Each structure stands twice: as C-alpha cells, then as structure tokens.
Amino acid sequence: MACEVKSPGLSTTIQDQGRPGYYNVGIPEGGSMDQYSAAMANALVGNPAEEAVLECTYLGPVLRFTEPATIAVTGAPVPIKVNGEERPEWTRLGLEAGDELSFGPLRAGTRYYIAFAGGIDVPEVLGSRSTYILGGIGGLNGRKLEAGDVVPVGQADAPAAGAPTLPEEFRPAYGKEQTVRVVMGLYDHRLTAAGRESLLSGEWKVTPVADRMGIRYSGPGVEWREREQPFGAGSDPSNIVDAGYAVGSIQIPGGTQPIILHRDAVSGGGYAMVATVISADMDLLARAAPGTSTHFVEVTLDEALEARKERSAFTARALAALGMP
Amino acid sequence: MSTPALEREARYTWGGDEFLFVEVDEAMSLAANFKVMTLASKLSGAALEGVTDICPANASLLIRFNPDVLAPSVLEATVRGFEQDAAGGGAETLATRIVEVPVWYDDPFTAEVAQRFREGFHQEPSGTDLDYAAKVNGLTDAAEFIRRHHEQPWLVSMVGFVAGLPFLFQLVERQKQLEVPKYLSPRTDTPRLTVGHGGCFGAIYSVRGAGGYQMFGVAAAPIYDPAQTLADFKDFMVFFRPGDIVKFKPVTEQEYAAIQAEVENGTFRYRQAPVVFELNKALEDPERYNRELMEALDGM
Numbered sequence: 001m002a003c004e005v006k007s008p009g010l011s012t013t014i015q016d017q018g019r020p021g022y023y024n025v026g027i028p029e030g031g032s033m034d035q036y037s038a039a040m041a042n043a044l045v046g047n048p049a050e051e052a053v054l055e056c057t058y059l060g061p062v063l064r065f066t067e068p069a070t071i072a073v074t075g076a077p078v079p080i081k082v083n084g085e086e087r088p089e090w091t092r093l094g095l096e097a098g099d100e101l102s103f104g105p106l107r108a109g110t111r112y113y114i115a116f117a118g119g120i121d122v123p124e125v126l127g128s129r130s131t132y133i134l135g136g137i138g139g140l141n142g143r144k145l146e147a148g149d150v151v152p153v154g155q156a157d158a159p160a161a162g163a164p165t166l167p168e169e170f171r172p173a174y175g176k177e178q179t180v181r182v183v184m185g186l187y188d189h190r191l192t193a194a195g196r197e198s199l200l201s202g203e204w205k206v207t208p209v210a211d212r213m214g215i216r217y218s219g220p221g222v223e224w225r226e227r228e229q230p231f232g233a234g235s236d237p238s239n240i241v242d243a244g245y246a247v248g249s250i251q252i253p254g255g256t257q258p259i260i261l262h263r264d265a266v267s268g269g270g271y272a273m274v275a276t277v278i279s280a281d282m283d284l285l286a287r288a289a290p291g292t293s294t295h296f297v298e299v300t301l302d303e304a305l306e307a308r309k310e311r312s313a314f315t316a317r318a319l320a321a322l323g324m325p
Numbered sequence: 001m002s003t004p005a006l007e008r009e010a011r012y013t014w015g016g017d018e019f020l021f022v023e024v025d026e027a028m029s030l031a032a033n034f035k036v037m038t039l040a041s042k043l044s045g046a047a048l049e050g051v052t053d054i055c056p057a058n059a060s061l062l063i064r065f066n067p068d069v070l071a072p073s074v075l076e077a078t079v080r081g082f083e084q085d086a087a088g089g090g091a092e093t094l095a096t097r098i099v100e101v102p103v104w105y106d107d108p109f110t111a112e113v114a115q116r117f118r119e120g121f122h123q124e125p126s127g128t129d130l131d132y133a134a135k136v137n138g139l140t141d142a143a144e145f146i147r148r149h150h151e152q153p154w155l156v157s158m159v160g161f162v163a164g165l166p167f168l169f170q171l172v173e174r175q176k177q178l179e180v181p182k183y184l185s186p187r188t189d190t191p192r193l194t195v196g197h198g199g200c201f202g203a204i205y206s207v208r209g210a211g212g213y214q215m216f217g218v219a220a221a222p223i224y225d226p227a228q229t230l231a232d233f234k235d236f237m238v239f240f241r242p243g244d245i246v247k248f249k250p251v252t253e254q255e256y257a258a259i260q261a262e263v264e265n266g267t268f269r270y271r272q273a274p275v276v277f278e279l280n281k282a283l284e285d286p287e288r289y290n291r292e293l294m295e296a297l298d299g300m
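As given, the protein sequences belong to chains A and E, one line each in that order.
Just so we're aligned: 273 in UniProt numbering is position 273 of the first sequence, and the numbers increase by one with no gaps anywhere.
Just so we're aligned: 224 in UniProt numbering is position 224 of the second sequence, and the numbers increase by one with no gaps anywhere.
Heads up, some of the hints might be wrong.
As the list claims (entries may be wrong) - Taking lysine to aspartate or glutamate pairs in the DMTMM-like style, the calculated list, with each CA pair at most 25 Å apart, reads:
1) K309(A) / D53(E)
2) K309(A) / E228(A)
3) K176(A) / E146(A)
4) K281(E) / E151(E)
5) K309(A) / E173(E)
6) K249(E) / E173(E)
7) K281(E) / D225(E)
8) K176(E) / D53(E)
9) K176(E) / E197(A)
10) K144(A) / D225(E)
11) K176(E) / E287(E)
12) K281(E) / E264(E)
13) K135(E) / D236(A)
14) K6(A) / E96(A)
15) K205(A) / D188(A)
16) K234(E) / E287(E)
17) K309(A) / E169(A)
18) K234(E) / E228(A)
19) K176(E) / D131(E)
20) K249(E) / E144(E)
21) K135(E) / E112(E)
22) K249(E) / D232(E)
23) K176(E) / E100(E)
24) K135(E) / E96(A)
25) K42(E) / D85(E)
26) K309(A) / E76(E)
27) K144(A) / E67(A)
28) K176(E) / E26(E)
29) K144(A) / E100(E)
30) K176(A) / E228(A)
31) K176(E) / E228(A)
32) K309(A) / D85(E)
33) K81(A) / E96(A)
Hints in this document: simulated from the structure, not taken from any laboratory.
In this text the structure is predicted, and so the values were computed from the model without any measurement.
Kindly produce the complete structure, drawing on both the sequences and the hints.
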C-alpha cells in the first residue's frame, strides 16, 4: 500500500518514538514532537505505539490513496477533508482507493499527526524511522516530504478493532496560555536572584522562531551574575565551556530571549542552561503556537517524577478507552 | 603544561527528570577532559540498566536515563562512586589514534559565506575571519595563524552539536592556545566541513547549517557519511570519537581537488595510526610529546 504526495505542506516529516542512544555523537532523539497525539493516532488505527506517523506542521499535505486505507488524524485542531468532505479528528477513518486527503487551516496549536494502519514502511536508521533533516537520515531520504513522493504504508496484521473515536476527556486542550513545569538547575546559580525571579514570574510569549530543534520565547529577560569567565567559556556571562544540552533545557543567550530545546535539538554548545522542562510537559511545548503566553513554574525532581507517573497513567487510561492494551 | 591537576570535586545537577549533568570543572583543561572521559568509560562499562545516553563533553558529562527504570539517586551515587575511584590518580593513559585531516585553508567557500555575514554578525566587518583571528592572537598575519593552527595536534574533546561534529582542544600550553570570540550573532549558514574556531575550541562542521565560529578553511574529506560509502565509515556513519587526536595538514587547491576525486570514487582513506596518549607526558612537555605522537603518522 502507498499514498502519493500531491502537495507536501509546509513541513511534513515521518516520525516515530525517536532514536535514543546517539546523542553522544550529536544525533538527537528526534521523534514526534507531541508523543501523546502520535501514540493516540497509532492506537486508533490498531498500530503498536512504535509505528511511524506523518507529522504535519501548520500547513498540511494533500495525499492521494492508491488503495483502500485506514487512517486517523490527531493533534492540533484542523479541518480534515476526504474528497473535499469534512471528517472528524481523533477518529478512525476508512479511505477508498482514489480518495484524496487534504486539510484546512489550523484552528490552534502547531502540529497534527496522520497514522496509517500498518505503519509507514521506510527503513529504520540507527533503530528509528524518524526524519532528522540536519543529519539527512531517517524518513524518506532524510528530508521532509516533497510533491511526487510516495509514502510506503505497511501491511496491518489485523483490521483495527476497539473504539473508533478517542473520548473528549482524553484530548489535549489547545489554549492561548500555558503553565510549564520546570526543574531549576544546571547553571541556574549563574542568574542573579532578580534574574531567577523574572524567569519564574514573568510572562513569556512563544515567538514564530520555533521548530523541531527549539522554541524561542520573548519576555522580560533575565539578569546574569557578573564574574570573570572561566578559560575557554567565551566572554558573555551566559557563556559556558561547551557542554552537553539536556533536551527540554532553557538557555537564555545574552539574557533576553529564552530558547527551549526540543526533540531535534543540537546536542551541545556554549550557552548556560538554567532550568529544564519536565518530561511530562514536553508535549505541551510541542502544541504551543506563536503568541502563546507561558508561565514557568518550578517543581522539585520528586514532583517531576510524580507528574511523569500521572502522565503515564493518563496515557494508559486513554489507550484503555480505545480498547488497546 | 601550565594546567594544574584538578582539585575540586565535580558538581552534580539535574536536567529535569531524565538528565544528570556532572560538571567536572568550570574551565577547560586537558585534565578536566580526561576526568570526563574516565567517568564516561566507567559508566559505560557498568552498563547500568536505564541509562540511554552517555555524552562526554569538554569539561562535563551529560547522562540521559529513564527514571522509570533507574532511580535518580542510584545513578548519582554510582557516578559519585566512579569519581571517588578515579580520585586515586596515577598515570592516566588513553588508547586512541592520531588522524591526519587535510584542510584547504583560506578557501573560497568559507570566504563567500563570510562575505554574506559581515555587518551585524562580525566584530570586524571589513576584514576576513583569518585576519581577525591573527590580530586578536597577536600574530603578524593570517599565514602565521594558519601555521600555528596546524603545526601542533588537537584532541577531540567532545563530539556533538550536530551529527558527528568534533570539538577540538589544541595540545599546547594554555598561553599558546589560540582563542577567538565567536561571531557576534550566529550565521544561518556554514559550509559543510568548515574548519572553525570559537573560544579555545576548534571544530569541523560535519554538515551545512547554522554556526557561530570563525571560519578558516574547509576539510577535504567527509567526517559524517550517513550512506557509509567510504571504508573509514564501514562501522559507523560518524568518524570521530572523543579522545581522537587530529593533525591538520594544509593542502593546496589541486591537492584538495585530488582528495575530492578520491572521495567521489570511494577510495579515500584517512591517514591514521594507533597511539597511546599519556596525560602526564602531555602536561609536562606538550610540544616534545606532540612530536612523538606525530611520528606515528610518518610510517603510514
């Protein structure tokens, strides 16, 4: 089975749960930015969670199916059209040979996901099908989709069973405000008390400079402690001797605009990180459209672990509601 | 080398619930990098269940783990234990290799990109990166800077930023380290295989993309080969590993073209030789020890 790409959209890539284990040579984990939405798309079509899906950013693709297919679209709210007729999100959809799938403009959020029963059948590179564009690996020839591409779809083991629609209570909200929980640390001691206070009490807005590598915010800025810089670190107080970057960590080059690193982050560099978004809130960042007002709230490591457990339990309940194990 | 042995203990801190960060030292030094490599190799040898990535960096170590499998406190205690073990000292050695990397210095590719990013990006918009680097290091001209850049070898002190990019620390006394500021604002473009420099670190950009280091030339052969066509990439698509020793070799435009042709027809091999790097010798008399290291390449 396959589907043809009539129009690729702004940036449509093949993603799965990611490529752990190669961060030490600068190859990021990658994978779907919003892992929860991607997992639900897979579950709706009866796929195991590790199957690859299409991640569509802002402007979606137009796809033509050469054979019957079962798909589901989840994530950011978007009008889904089959041959021009609107179909529901978060729902299993049956398509016939010759059907054309297209999308209207996003109503909120940034990314939505298309899962195909049987998964996307591209080769794994270093254990993952995720597209890493900068390194030119994974997905379709290591790049985003282009018009004329053919997305190969695998053979489903069995027709999707279970509930065809994810109940409302399990769908994420896409508001204009977010509260993002962070663990302070790494180089937070380099901020002044006032700098720390402005990170945690200020209003930060998502700027249009946001992609799979990171999300840039604008806001009140922070203040760094003055000091004599250590050898090799560079002259700005926000500089450090180049170090590994934690995914989700917040760096504030020059003290003005914070950048939060996401799944395709560069693995290291010379800017001090001052806090890290907890794993349970990483999907939230992936849903933040430009202009989203954001407050960072400090939690302890124990609270982060508790939130991680709650998130796993929530995902498990959602899967149970779909009749998935 | 004037770098003293490390006296402080590492600083342990958390990057959210999935990362432990161990800062061996705030400042860069060979001793700090050696301690990082020692901790990384001990942790790797321990094969702790739940550790997904061990990323040794210049003077710090980043560890990614799954807290559902491995409690943060257990991971921290384990690494602290390795640090205690390593504190005993003794002769530190590293079984590694020395690799000759051909570079076309003062090339037209980086010159073209440098021209596009002057006003607002560079400290001296009217000049070249090489002239600027020579000046801030108190050298007479670009030619002297180039000579200083390739006459002594470098240690790969970290691999990362993007796929397979080596950070390089020159094996010379601290007062002889070449230091240059990064661009005032990062470029959105850097030619693939640019040989760059920022702070005290050299780098070879493995892929085309953003970058803030001053640009001095281009390496003639790939260091990242996802298709794994060349023999040097048979085992892995990334060439460099932390601890590798790099000797830059200046090449002319004609030599560059000849190497490109070898890369094209799949016959290029890096000149390289196994060496055992001894930290104490490197600290005592680096240039003398460097001559010894570089001799290993002569027989190749």
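Results of checking the hints against the structure:
Between K309(A) and D53(E) the alpha-carbon distance is near 22 Å, which keeps this suggested pair within the 25 Å criterion. The hinted pair formed by K309(A) and E228(A) fails the criterion: a straight-line CA distance of about 42 Å is larger than 25 Å. For the hint linking K176(A) to E146(A), the alpha-carbon distance of about 32 Å lies beyond 25 Å, and the restraint is violated. At most 25 Å may separate the alpha-carbon atoms for a hinted pair to count; K281(E) and E151(E) meet this at roughly 18 Å.
Among the hinted pairs, K309(A) with E173(E) is inconsistent with the structure: their alpha-carbon atoms are about 50 Å apart, more than 25 Å. Using a Cα cut-off of 25 Å, the hinted pair K249(E) and E173(E) holds, with the two alpha carbons roughly 21 Å apart. Restraint check for K281(E) and D225(E): the C-alpha separation of about 34 Å exceeds 25 Å, so the hint is violated. Only pairs whose Cα atoms come within 25 Å are accepted, and K176(E) paired with D53(E) is rejected, the gap being roughly 34 Å.
With a CA separation close to 41 Å, the supplied pair K176(E) and E197(A) exceeds the 25 Å bound. Straight-line distance between C-alpha atoms of K144(A) and D225(E) comes to about 19 Å, which keeps the hinted pair within the 25 Å bound. A hinted pair counts as satisfied when its Cα atoms are at most 25 Å apart, and K176(E) with E287(E) qualifies at roughly 11 Å. Using a Cα cut-off of 25 Å, the hinted pair K281(E) and E264(E) is violated, with the two alpha carbons roughly 40 Å apart.
With a C-alpha separation of about 20 Å, the suggested pairing of K135(E) with D236(A) holds against the 25 Å cut-off. Distance hint between K6(A) and E96(A) is fulfilled; the C-alpha atoms sit about 17 Å from each other, no more than 25 Å. Our distance criterion of 25 Å between C-alpha atoms is met by K205(A) and D188(A), whose separation comes to about 21 Å. Pair hint K234(E) plus E287(E) does not hold up; C-alpha atoms about 34 Å apart against a cutoff of 25 Å.
A C-alpha spacing of about 18 Å is found between K309(A) and E169(A), which places the hinted pair at or below 25 Å, so the restraint holds. A threshold of 25 Å between alpha carbons decides the hint, and for K234(E) with E228(A) the separation of about 45 Å lies outside it, so the pair is violated. The hinted pair formed by K176(E) and D131(E) meets the criterion: a straight-line CA distance of about 18 Å does not exceed 25 Å. Among the hinted pairs, K249(E) with E144(E) is consistent with the structure: their alpha-carbon atoms are about 15 Å apart, no more than 25 Å.
Proposed proximity of K135(E) and E112(E) is supported: the alpha carbons are some 21 Å apart, at most 25 Å. Between K249(E) and D232(E) the alpha-carbon distance is near 18 Å, which keeps this suggested pair within the 25 Å criterion. Our distance criterion of 25 Å between C-alpha atoms is met by K176(E) and E100(E), whose separation comes to about 21 Å. The straight-line distance between the Cα atoms of K135(E) and E96(A) is roughly 69 Å, outside the 25 Å bound, and the hint therefore fails.
Annotation: proposed proximity of K42(E) to D85(E) holds, straight-line Cα distance about 10 Å (limit 25 Å). Restraint check for K309(A) and E76(E): the C-alpha separation of about 21 Å stays at or below 25 Å, so the hint holds. Simply put, K144(A) and E67(A) have alpha-carbon atoms about 23 Å apart, close enough for the 25 Å limit, and the pair holds. Of the supplied pair hints, the one linking K176(E) and E26(E) holds, its CA atoms being roughly 20 Å apart against a limit of 25 Å.
Taking the CA atoms of K144(A) and E100(E), the gap is near 35 Å; set against the 25 Å cutoff, the hint is violated. This hinted pair does not check out: K176(A) and E228(A) have alpha carbons roughly 41 Å apart, beyond 25 Å. For the given pair, K176(E) sits about 20 Å from E228(A) by alpha-carbon distance, which is consistent with the 25 Å threshold. Distance restraint check for K309(A) and D85(E): the Cα-Cα separation of roughly 35 Å exceeds the 25 Å cut-off, and the hinted pair is therefore not satisfied.
Note on K81(A) and E96(A): the hinted pairing holds, with a Cα-Cα distance of about 13 Å set against a maximum of 25 Å.
When each numbered hint is compared with the structure, violations occur for hints 2, 3, 5, 7, 8, 9, 12, 16, 18, 24, 29, 30, 32.
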